[in-house]
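> For reference, the chains in residue letters:
Protein chains: 2
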Amino acid sequence: MKKIVLSVLLFTSIIYSQSNDQQMLKNIYNYSLTKSNCYSWLDDLSNKIGSRMSGSVGAEKGVAYVKAQLETLGLDKVYLQEVMVPKWVRGEKETAYILDNKTKVNIPICALGGSIATSKNGLTAEVIEVHSLKELETLGIDKIKGKIVFYNRPFEPENIDAFKSYGNCVDQRYYGARDAAKYGAVATIVRSMNFRLDDFPHTGAQSYGDLPKEQYVPTAAISTNAAELLSKKLKENNTLKFFMKLSCQTFDDVISYNVVGEIKGFEHPEKIMIVGGHLDSWDLADGSHDDGAGVVQSIEVIELFKKLNYKPKNTIRVVLFMNEEFGSRGGKKYEELSKTYKENHIFALESDAGGFSPRGFSFECDGVNFEKITNWKYLFEPYLIHSFTIGETGSDIGHLTSAKIVKAGLIPDSQRYFDYHHAANDKFDAVNKRELELGAATMASLMYLFDQYGID
Amino acid sequence: MKKIVLSVLLFTSIIYSQSNDQQMLKNIYNYSLTKSNCYSWLDDLSNKIGSRMSGSVGAEKGVAYVKAQLETLGLDKVYLQEVMVPKWVRGEKETAYILDNKTKVNIPICALGGSIATSKNGLTAEVIEVHSLKELETLGIDKIKGKIVFYNRPFEPENIDAFKSYGNCVDQRYYGARDAAKYGAVATIVRSMNFRLDDFPHTGAQSYGDLPKEQYVPTAAISTNAAELLSKKLKENNTLKFFMKLSCQTFDDVISYNVVGEIKGFEHPEKIMIVGGHLDSWDLADGSHDDGAGVVQSIEVIELFKKLNYKPKNTIRVVLFMNEEFGSRGGKKYEELSKTYKENHIFALESDAGGFSPRGFSFECDGVNFEKITNWKYLFEPYLIHSFTIGETGSDIGHLTSAKIVKAGLIPDSQRYFDYHHAANDKFDAVNKRELELGAATMASLMYLFDQYGID
Chain G
-1 MKKIVLSVLL FTSIIYSQSN DQQMLKNIYN YSLTKSNCYS WLDDLSNKIG SRMSGSVGAE
59 KGVAYVKAQL ETLGLDKVYL QEVMVPKWVR GEKETAYILD NKTKVNIPIC ALGGSIATSK
119 NGLTAEVIEV HSLKELETLG IDKIKGKIVF YNRPFEPENI DAFKSYGNCV DQRYYGARDA
179 AKYGAVATIV RSMNFRLDDF PHTGAQSYGD LPKEQYVPTA AISTNAAELL SKKLKENNTL
239 KFFMKLSCQT FDDVISYNVV GEIKGFEHPE KIMIVGGHLD SWDLADGSHD DGAGVVQSIE
299 VIELFKKLNY KPKNTIRVVL FMNEEFGSRG GKKYEELSKT YKENHIFALE SDAGGFSPRG
359 FSFECDGVNF EKITNWKYLF EPYLIHSFTI GETGSDIGHL TSAKIVKAGL IPDSQRYFDY
419 HHAANDKFDA VNKRELELGA ATMASLMYLF DQYGID
Chain V
-1 MKKIVLSVLL FTSIIYSQSN DQQMLKNIYN YSLTKSNCYS WLDDLSNKIG SRMSGSVGAE
59 KGVAYVKAQL ETLGLDKVYL QEVMVPKWVR GEKETAYILD NKTKVNIPIC ALGGSIATSK
119 NGLTAEVIEV HSLKELETLG IDKIKGKIVF YNRPFEPENI DAFKSYGNCV DQRYYGARDA
179 AKYGAVATIV RSMNFRLDDF PHTGAQSYGD LPKEQYVPTA AISTNAAELL SKKLKENNTL
239 KFFMKLSCQT FDDVISYNVV GEIKGFEHPE KIMIVGGHLD SWDLADGSHD DGAGVVQSIE
299 VIELFKKLNY KPKNTIRVVL FMNEEFGSRG GKKYEELSKT YKENHIFALE SDAGGFSPRG
359 FSFECDGVNF EKITNWKYLF EPYLIHSFTI GETGSDIGHL TSAKIVKAGL IPDSQRYFDY
419 HHAANDKFDA VNKRELELGA ATMASLMYLF DQYGID
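Residue numbers (my numbering), protein chains in the order written: chain G, -1 to 454; chain V, -1 to 454.
Hints listed in this document are in silico derivations from the structure and should not be mistaken for laboratory results.
Hints should not be assumed to be uniformly reliable.
The list treats identical chains as one, so a pair stands whether inside a single copy or across any two.
[Stated by the list, open to error] Below, a list of computed lysine-lysine pairs in the DSSO-like style, where the Cα atoms sit at most 27 Å apart:
1. K33 x K233
2. K231 x K305
3. K145 x K91
4. K311 x K46
5. K143 x K46
6. K24 x K162
7. K375 x K162
8. K59 x K239
As the structure is a computational prediction, the values presented were derived from the model and not from experiment.
Whenever a hint applies, use it, and build me the whole structure from the sequences.
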């Protein structure tokens, strides 16, 4: 009899918490779609402040703005974490053209982050097209020396996950200059990291690695349409010339900040759960998707908890990281300080894949925790959140090394992301209000469940 | 022993067909994302032909274009079905303004389909704002007579499915004029059917129902921003005036066509499975989402089968319906002819919810068939297709009445749909190539499975 009573009690308690959870998620989604501020914060970040390249005035303004917004939410603590960030400036708008039998065809081009400039008058050379870093080896110094290496391996269209195509291509952008310089290339250009054929050059990080400084060469991206054209023209005339002029410059590191806001946990204040995105963007646009969306969604999570009067068991922290795009100094600094203060992070969630319709999460965790998470799937079904996978989560939270931390990354629909990524069209009007809000609600729901049920 | 052998054989055969199905879906998605023509067909339909309002030259061109494309695919049969369609012409661009203490504020406005014109000099009257058809009754003839009724109930933002919000609002557009005229209104205006606050008026069908012709009143949509403004100004001054001028006109019905292409089934040629969308659009834009996307995706399904050398067991027919937007004459005619020829339709699939990332299907079928369908879910998981529900499917196939037919509607992500629906921005550049192609592949996959396993 006792057993039966206990079973009934247990069953009742499970049903009760299930229906509690369902109600809480409903409240979260409802609030987010009807009263949240995230879209108007994004409007401010994008349209009043604009691009927030690390080290820039825009980034400074971004820091001040989100700090001020966090301060209106009645949190227990809002503060800055000082971090030294690189300062690279694009300078005058880049120019480039194909010179083919005296006809000039202008080419949309942009320097990659950290690139050195060309000489003031620009640089003209023959072009050699390759499709991988490896191909440089086959070609050898004889065929490469004195030329511009043109990386033109396109995104694989057959992948369902657009990030897979990006991952399989981005070595050309990231290590293209480093590797080609070793074979005597005078510069490198890379086909933009994008499926779509269009006229936007997409910038992004690159690294000269351990190359001696005097071997650095200028490196830039050209639009996908331009890459197609250049490739076609090279087939007709492989001695055509390419002109490019970059005026970018690297300055000394400058002071910047991560912005942090927190609600103290009432049961386990020492256990920290963070939600975040990165406050810096590239310089070509507002970075509304990358990662204005993640910033405002993260703030929305903490707003939702406050407005729904939810008292978290664990300490909930929103962290807006500086300099993700270009060195990840904010992420590194956050982890460094967390070690200094011997903080115990149990959960970290990042949104840095655009403000599109949320589809699910990827997780870095062990099998036990993943099973627990997948048991929550039914709670997300009414909101069309269906994809729970093991995979990469976020580059800022990537630095966190607490022993038992579970990490998660919001997975929005990925198909349109690279239409905008690091390009001049990553602007406010590319973000849909409802999709942004659904993402914030999805994040808040996961934070709530982890706060309720902890990690194993 | 015999039993064991039989079980092993059965098991092997199940495993074999599972892996066959997985491979077929993989081939379908691969082909669609790498070689399909649907995006370039949409480019032609949208940018070379443009809007395809039924009864217009654009619609005629659309018919000729898709017929010609189908004829290149090596189908067994391509033909037209004659159908008489209404012809309503917008005429001169509409104008409207608020006249408030002698200050004029221009208002983006467009006539609703089938509306009568105002007089040549337009119409000026006081405005009464309502939020439902029912409210007319409460207000009564005294408060309504001589005024313009302004329907201003907004989309409910809290619904996850955007179509639910549309469904809960659209009575204002569809029956607004019919009902207000009974209370002596001189015209009606309706807040556009859209979540977003913007400056696009969204047209759409309306019906005067059984109202005597002499009681018809002009009816139009204003943009959501304009609706907000008008509502605000009415609170300040409820005797302000509203001017509107519509020049639209209804002509006699004209001849148009459904376009049909088919592959004969090799096992059950008498069993017909159709896939379709509607060829007509509204007149304000190309109708790239509504329903150019559905048209080219449907043609893509049949192209995929041909290119993958798949021989269907049943007859597969692509049907591009005329006049969905404004009378559904094409859908009705198709069913009428199908009855005349005593055709047996076992399955119908429509795509008419935009060319956005596909999420699943809604079905009209009994429980036995729905269970069968849900057993296929695992096949769709790699393509992030997760939502299989019972619900409305498509208005063209809605007319089909075969005894045991299963109907399905493609469900793309719905969040952005009403940003474009029936408005001047429903253009080619609002459609993402990959999302369109994923939709086509998803449709072809379902058609394949129904062709293989039939309906119960």
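> Indicate, hint by hint, whether the structure satisfies it.
To see whether the hints hold, each was checked on the structure:
no.	hint	in the structure
1	K33 x K233	between (57 Å within a copy, 23 Å between copies)
2	K231 x K305	neither (59 Å within a copy, 31 Å between copies)
3	K145 x K91	within (23 Å within a copy, 57 Å between copies)
4	K311 x K46	neither (36 Å within a copy, 60 Å between copies)
5	K143 x K46	neither (46 Å within a copy, 47 Å between copies)
6	K24 x K162	between (33 Å within a copy, 17 Å between copies)
7	K375 x K162	both (24 Å within a copy, 23 Å between copies)
8	K59 x K239	neither (42 Å within a copy, 45 Å between copies)
Comparing the model with each earlier hint shows violations of hints 2, 4, 5 and 8; every other hint is respected.
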